[in-house]
Amino acid sequence: MSYFDNKVPPKREDRLNTVIAHQDSICGLARKGKGGKSCLIDDGERGFTQGTICLLLPALAMLNSLPDNVVLLHSAVGCGSCTHSQNANVRMGSNARRGKAQDGIWLSTALDETDVISGGEDKLERAIIEADRRYRPASITIVAGCVPGIIGDDIDGVAQRLQPQVSAKLLPVHCEGFKTKIWATAYDAVYHTIGRNLLEEKGVTEHTPQDELEVLREQERLARTVNLMNVSSMGRVDEQELERLLVSLGLEVNVFPVFAHPDSFVKATRAALSISTCPTHDDYFLGYLEERFNVPSIIKHMPIGIENTSLWLRDVAARFGFEEQAERLIAAEEAELKEALEEFRPLFQGKKVFVSAGEFRALATARLLQEVGLEVVGIRSFHHDHFAEVEYEKLAREAKTDYVVDIANVQPFEEANLLNRLKPDLFLGHANGNMTASKLGIPTHVIYNTGLAYIGYRGVYELARRLHRQLLNPAYNRNLAENLRLPYADSWYQAEPFSYLNTRGRSVNE
Amino acid sequence: MSENFVERARYLCSLGGAAATVTALPGGIPILHSASGCAGNFAWTQNGGSGLQVGGYCGGLTVPSSNVQETEVVFGGEDRLREQITSTLKVMQGGLYVVLTGCVPEVIGDDIFAVVNDFREEGAPIIGAVTGGFRGDSYWGYDLVLQALVKDYLDKGLAKVKGRVNLWGVVPYMDPFWRGNLEGARHLLELLGLEVNSFFTPTDTLEGIREAGSAQLNIVLSDLYGQGAAALFKEKHGTPFVTTSLPIGVSASEAFLRQVGAALELDSELVQRVIDREKRHYYQILEPLTDCYNDLDLQRYAVVVGDANYAVALTRFLADDLGWLPVLTVVTDRIHENGQPAIAARVEQLASGFSTNVVFESDASQVLGHLNQVWPRAAGQKYYNAFSPAFVVGSSLDRELALQIGAPHLSVSFPVANRAVLDRGYTGFRGGLRLAEDVFGQIVANR
Chain A
1 MSYFDNKVPP
11 KREDRLNTVI
21 AHQDSICGLA
31 RKGKGGKSCL
41 IDDGERGFTQ
51 GTICLLLPAL
61 AMLNSLPDNV
71 VLLHSAVGCG
81 SCTHSQNANV
91 RMGSNARRGK
101 AQDGIWLSTA
111 LDETDVISGG
121 EDKLERAIIE
131 ADRRYRPASI
141 TIVAGCVPGI
151 IGDDIDGVAQ
161 RLQPQVSAKL
171 LPVHCEGFKT
181 KIWATAYDAV
191 YHTIGRNLLE
201 EKGVTEHTPQ
211 DELEVLREQE
221 RLARTVNLMN
231 VSSMGRVDEQ
241 ELERLLVSLG
251 LEVNVFPVFA
261 HPDSFVKATR
271 AALSISTCPT
281 HDDYFLGYLE
291 ERFNVPSIIK
301 HMPIGIENTS
311 LWLRDVAARF
321 GFEEQAERLI
331 AAEEAELKEA
341 LEEFRPLFQG
351 KKVFVSAGEF
361 RALATARLLQ
371 EVGLEVVGIR
381 SFHHDHFAEV
391 EYEKLAREAK
401 TDYVVDIANV
411 QPFEEANLLN
421 RLKPDLFLGH
431 ANGNMTASKL
441 GIPTHVIYNT
451 GLAYIGYRGV
461 YELARRLHRQ
471 LLNPAYNRNL
481 AENLRLPYAD
491 SWYQAEPFSY
501 LNTRGRSVNE
Chain B
1 MSENFVERAR
11 YLCSLGGAAA
21 TVTALPGGIP
31 ILHSASGCAG
41 NFAWTQNGGS
51 GLQVGGYCGG
61 LTVPSSNVQE
71 TEVVFGGEDR
81 LREQITSTLK
91 VMQGGLYVVL
101 TGCVPEVIGD
111 DIFAVVNDFR
121 EEGAPIIGAV
131 TGGFRGDSYW
141 GYDLVLQALV
151 KDYLDKGLAK
161 VKGRVNLWGV
171 VPYMDPFWRG
181 NLEGARHLLE
191 LLGLEVNSFF
201 TPTDTLEGIR
211 EAGSAQLNIV
221 LSDLYGQGAA
231 ALFKEKHGTP
241 FVTTSLPIGV
251 SASEAFLRQV
261 GAALELDSEL
271 VQRVIDREKR
281 HYYQILEPLT
291 DCYNDLDLQR
301 YAVVVGDANY
311 AVALTRFLAD
321 DLGWLPVLTV
331 VTDRIHENGQ
341 PAIAARVEQL
351 ASGFSTNVVF
361 ESDASQVLGH
371 LNQVWPRAAG
381 QKYYNAFSPA
391 FVVGSSLDRE
401 LALQIGAPHL
411 SVSFPVANRA
421 VLDRGYTGFR
431 GGLRLAEDVF
441 GQIVANR
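Here the protein sequences line up with chains A and B, keeping their order. Counting in this note's numbering, the first sequence runs from 1 upward without gaps. Counting in this note's numbering, the second sequence runs from 1 upward without gaps.
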């Protein structure tokens, strides 16, 4: 039985033994990868924690991008208000893809005290019907937050009951935040509903072969068509870079799932290959495409950095027997890029950098930073699972000294302590996650922003160019550090950075 | 307005408003007793809606949070909260810690006060507020935090000090111009010689807030926000309160000063002198705009879309100060029918004699429909009295409307995604000048 036969996808702590609270080093994690399995790491619990995000946020980042889709949150009114910032990406992304900046449409059933007591299914039903009539969307994604998860509302049952009455495709998505601490479960939650609801061709009959040559051409085209799996942290500029590389190998490219029309997902089942750009993002779905529709996939390496981009391309080329073209392309691209990077190397020489983001993004970016001549001195990965083992090995191989890896779902208090000790010259962090380093006076740069280039060969150059710019004048952050303080007690900086790891439950009993 | 959903809600939940409010207090450290994602959701929301302001001393992803999981849902979360408070007091340096609850611990029935009171008894500067998201919106969350301060933090039984007032009704981060608006209103009160406790400006202190019970009067710049706390304050500390509209611009500031002056029985000559002087300054500054106001034909029809504070205050400013024609005023809060007349009354009798149409509508996509009701569309006639030239003052969600009717637009009310706001404010005489600069600036942007 497939996971997709169930209403709710499994959480990643169960499916992948993913952990979020662990202290290690680059060599330690690389050794664990070689010697055994990451599942040997037991997840910890911190006795002091700071707020982070839940799976609802990354799920909404994907769902809000879908054109012609309305997001209907079934929760208290605050859940999903994060869309106010994600909407900037929706506007920019729709402008880049369709020439018009368009706002997303997100709604909330705004469950109140009465609903908490008497249940919210009736309200949800009425909301679905009204949303269908008011907006006439292709799909309505019904997204459950914490409250329905506790009071027991059955969003799948409601969707099933109402589907015959509405013209929009109803897509239930499970984002009950308290149920998983691994927010990457979000990708599974979204893919789960895509897999269950958008991949079957409805009402399409066999095309009668009008012209045999046309049929052959179509078959030939599909044989070299690939699914390029994008992520919501990737802008159009990054997709274009990857498309450019794949097209130069003679491939045709379908880009999924972010900004893809709900009606177009069915095309994913016809491609010759699916290519992941982030193993954290795609394994659940690509496994299903393979198992259910025989679409093979590659899920290894994130095309960030020179080595990773080339490895990623080689893997794709090998599937089609295009190795020679790929080698020529890679040699030309690498030579041109390396020459262009020379301009920045003198300023990067001897500079130390700390990287913080979702695991794959952090590690691939760290590798890129090594390649342009910076020294990585610390990494904070938001979680850890076995997909990243190979990345730790790549980094360990090039590391000058063993350095700290903090597996933490943000937790800036640990970061403040670590940065105060390591005193890096540069910090790269996730959106809304650079303020700690900034206030410590460290030059910072955001590790993804959908308006900026990060991916492929072009991404290496553009990121290096931006870091060079940051380092040329870091006065903004320096001024902050001279005039502001972080909200941590002085004694915290004297304490061990991992003092609160695995203390949960103990301090109460002491 | 839909009965069944809110479209692109222009606010967060009560926990979101409460957390932002505590962050805005001097030395305030929120401790969320909630699921892990609430804090991140608030940070992302402020990032997109509060004019580029996220957090402060302790906001955003820095806020301590118990991050309750399924275990707590099954076994209760009070132990986890106790542990989190203990560690927070060690790690975080603050002047006041405020435990705020989210949906999950409330639905499962955690009693936070049982935990918080143990720490209070040991002398920790900590209070709690029950702010679960299903209780209301972020404006109500602001009110709940003020209520908690009134109940558990302010010193009781203080003698009233003549000329001392508290100033409420501007909600941090939900009003992207909160800092400037508080400063502007505070400045007006200081012109009358009053000593103002505004809680959230850089000049406010926790010591001052503790002594807020000594105020002679509470001034609430809102028909909604802070009303609950003001009523509770009266009950607990015996200070009466006066409700005013947000005093944006010259006409509203004059009325505000008179209203406060009357409530405090200030010397009316003093009040008049202040008003005369400020108006003289205001018009002296406005004077050189006169040529261009006429030559560029800067009078506009307008649609105003905003929260209960802004919708009426902006309408009044446009009509009474600028001489514009705001024909539609859209109040975006979901206000119970009983509460609607008081807000509508704010713009019923404008000094200019111009009258607008007030609707209560939360959903941006429905505003054009309301405008079409108020101002019928052209029906192919040769001569048509068009809704043009027009202007939209609203939030960044109302850009779509502005595009549809071919009007320039200014974001003022939440969400403000497309402006950088630090301490700009529109209250007071000077605030009116700022707002005039901003709307006229939009009109001539391509000049």
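Among the clues, some could well be false.
Not everything, but these chain B residues come out facing chain A in the computed CB check (under 8 angstroms) [unchecked claim]:
{"id": "1", "residue": "C13"}
{"id": "2", "residue": "L32"}
{"id": "3", "residue": "G48"}
{"id": "4", "residue": "L52"}
{"id": "5", "residue": "Q53"}
{"id": "6", "residue": "V74"}
{"id": "7", "residue": "E78"}
{"id": "8", "residue": "L154"}
{"id": "9", "residue": "L158"}
Which residues of chain A face chain B? A partial, calculated answer using Cβ under 8 angstroms [said to hold, decoys possible]:
{"id": "10", "residue": "N17"}
{"id": "11", "residue": "I53"}
{"id": "12", "residue": "H84"}
{"id": "13", "residue": "F344"}
{"id": "14", "residue": "F348"}
{"id": "15", "residue": "K352"}
Rather than coming from a laboratory, the hints here were simulated on the basis of the structure. Using N, Cα and C, we set each Cβ at its ideal position, and we do this for glycine too.
Using Cβ atoms only, decide whether B:E78 comes closer than 8 angstroms to chain A, and label the hint accordingly.
violated, 10 angstroms
Given A:K352 was flagged as interface, is its beta-carbon under 8 angstroms from a beta-carbon of chain B?
Because about 24 angstroms separates A:K352 from the closest Cβ in chain B, which is outside the 8 angstroms limit, the hint is violated.
Interface hint check: B:L158, Cβ to nearest Cβ on chain A, cutoff 8 angstroms. Holds or violated?
Status violated, d = 30 angstroms.
Measuring from the C-beta of A:H84 to each C-beta in chain B, is the shortest one below 8 angstroms?
holds, 3 angstroms
Interface hint for B:L52, Cβ within 8 angstroms of any Cβ on chain A:
violated, 10 angstroms
Status of the hint placing B:L154 at chain A (closest C-beta pair under 8 angstroms):
violated, 23 angstroms
Are A:I53 and chain B close enough, Cβ to Cβ, to be under 8 angstroms, as the hint says?
With a minimum Cβ separation of about 3 angstroms from chain B (threshold 8 angstroms), the hint on A:I53 holds.
Was the hint right that B:Q53 lines chain A, CB cutoff 8 angstroms?
violated, 12 angstroms
With chain A as the partner, please determine if B:C13 meets the hint condition of a C-beta pair closer than 8 angstroms.
holds, 3 angstroms
Regarding the hint that A:N17 lies at the interface with chain B, is the smallest CB-CB distance below 8 angstroms?
violated, 17 angstroms
Tell me if the interface restraint on A:F344 is satisfied: Cβ within less than 8 angstroms of some Cβ in chain B.
violated, 29 angstroms
Interface hint check: A:F348, Cβ to nearest Cβ on chain B, cutoff 8 angstroms. Holds or violated?
Cβ of A:F348 sits 28 angstroms from chain B, so the hint is violated.
Of the hints listed earlier, those the structure fails to meet are numbers 4, 5, 6, 7, 8, 9, 10, 13, 14, 15, in rising order.
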